[in-house]
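*Asks:* Let the hints inform the model, and build the full structure from the sequences given.
Respectively, the protein sequence lines represent chains A and B. The working numbering puts the first residue of the first sequence at 1, with every later residue one more than the last. The working numbering puts the first residue of the second sequence at 1, with every later residue one more than the last.
Treat the hints as calculated values from the structure; they're not laboratory data. There are no misleading hints in this set.
Listed next, with one range per pair, are the computed distances between beta-carbon atoms:
hint: 1; chain 1: B; residue 1: Asp155; chain 2: A; residue 2: Ser73; range: 22 to 32 Å
hint: 2; chain 1: B; residue 1: Ala21; chain 2: A; residue 2: Thr211; range: 32 to 42 Å
hint: 3; chain 1: A; residue 1: Tyr248; chain 2: B; residue 2: Ile91; range: 44 to 54 Å
hint: 4; chain 1: B; residue 1: Phe144; chain 2: A; residue 2: Gln85; range: 27 to 37 Å
hint: 5; chain 1: A; residue 1: Leu243; chain 2: B; residue 2: Ile108; range: 36 to 46 Å
hint: 6; chain 1: A; residue 1: Asp235; chain 2: B; residue 2: Asp155; range: 44 to 54 Å
hint: 7; chain 1: A; residue 1: Ala159; chain 2: B; residue 2: Gln119; range: 15 to 25 Å
hint: 8; chain 1: A; residue 1: Glu201; chain 2: B; residue 2: Ile108; range: 29 to 39 Å
Idealized CB from N, CA, C, for every residue including glycine.
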Amino acid sequence: MKPVSSNTLRNAVVVFLIIGILFLALSGYLRPVLGVVMDPFVAAQRWLSERFMAVYDFFTLPRDVTELIQRNSELEDEVANLQSQIIQLQEQLQEADILYSLLDYARSRPADEYIAAAVIGRDPSPFLQYIIIDHGSDDGIRYGMPVVTQQGLVGRVEAVTASAARVQLISDAQSTVNVTLQTQDADALIEGSISGDITLEMLNQNVSLNTGDILLTSGLGGNYPSDILVGQVVDIQKTENELFQTAYIQPVVDFDTLRAVLVITNFQTTNISPLTNETER
Amino acid sequence: MLANFVSIPFMLLLSVLQSTAISRITLINGCADLVLIGVACWGVKEKGYNAFVWALVGGLFTALITAMPFYIPIASYIFVALLAKILFGRIWQSPILMLIIVVFIGTIFQHILSIFYLQVNGVNAGLITSLRNITLPSLLLNLFFVFPMYVVVSDLRQWVLPGEDYE
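*Replies:* The following block contains the structure:
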C-alpha cells in the first residue's frame, strides 16, 4: 500500500477546514465572530466612502445643478406647451359642442337651410345691440335673413359685406318682432331697448298673461319664420286704463355669451311697406 | 407726416380691439371707447393738427363696424381732438388732468349725439336710463383705460416724433 504523502494530507485538511468554515458560516454559527471581525472594516469603508462622495460631489455637483436647471427649464417649457394645447383642445371641444347643438337644431327643422357662422365682434356703441359674424355675401348671406341658435331667435342680418355681416339682435332698441303666445291664440310685439331689455307690447288686455308663458315668432310682418322660440314672460305690467298690457321678457338666448349662430338662408322676407304706405294714403 | 401714417394701423388696431374685446367688457350697459381715448391721448400731447387726422381715421374705421350713422363717431372724435386743441397747455400744463377732462367731456358729447340720433329715429332712449345704465358706466370704464392708453400713445409718440413732447 502506497503511503499517503504529507502534502496530500495537508491539502485534504485545508479543504475540510474550508468546507467546515463555509458550513458553519452558512449555518449562521460564525455570525458573532464575523461581526467582530467585519464591523471595523465596514465602518472604515463607510467613513472612506462618505468622504470620497463628499469630495466627488464637491467637484461634480455644480455641473449637475446646471444640468438640472436646464432640464427643469425644458420641462417647464413642455408643461407650458401642454397646458396651451389643453386650452386649445378645450376651446375646440367647446366649439364642437356648440356646432353639434346647432346641427341638432338644424336637423330638427329640415325645411330650413342654414349657414353656421362665428360671432367675431360686437357693435362699439353701447346704445346698440348688434353682433358681427364671420360670413358675408360671398357665403350666400343676404340682408334680412333671420339668425337663430339652437336655443331660439337671435335677430336678423342688417348689413352685409363680402366676408362679414352685421346682425341686429332682438334686444336692440330699433328691433320689433311679431310674436304669439305658445298656449293661447294671442298676437303681440316684442321690442328691444337701449339697455337690452325686451318688452312685450300691444297685447290685448283680455288675454290672460302669466309669468313663464312662452313666446314664439308668429311670422306676421314677413320678417321672421313662424314658431321660433323667443323667450318667456318674467314680469307683467297690467294697468286697467291702458289699451294694452305689457310685460318684460327673458330671451332664451344669452346674447352676452353668443359664440356661433345659424343664418336661415332660404327664408324670403316680405316687404310690406308698399301696403302700409297705400293704407296711409 | 409719419404721425398721420402711423394713425392708420394704430386706429385700425384699436377699432378691432374695440369690436372684438372691449365691447364685451361691460359695466351695466356701458363700455369703454378705445378709439376716443386714443384720439384724446394723442391730442393732449401735441400743438399741431395731427390729432384731427387721427380722429378722422378712427372715426372712419369705427363707422365701418358700427350700426350708428358714420357721422356720429367721426363728429365725436373730431370734437375730442378739438377739445384737446383748445385746452392744450391751459390746465396747469398737465396732460394727465387735461386728458381726463377731454375724455370726460368727449364721452358725454358722444353719448348726447347718440341719444339725439336715436330719439330722432323714434327710439325711446330715456335720458335718465341712458345716463344711469350707459353713460356713467362708460365714463368710468373710459377713465379706467385712460392711463394704460396714455402710456402706449406716449411711447408711440416718442418713436414717431422723438423729442417733440410737450409735457
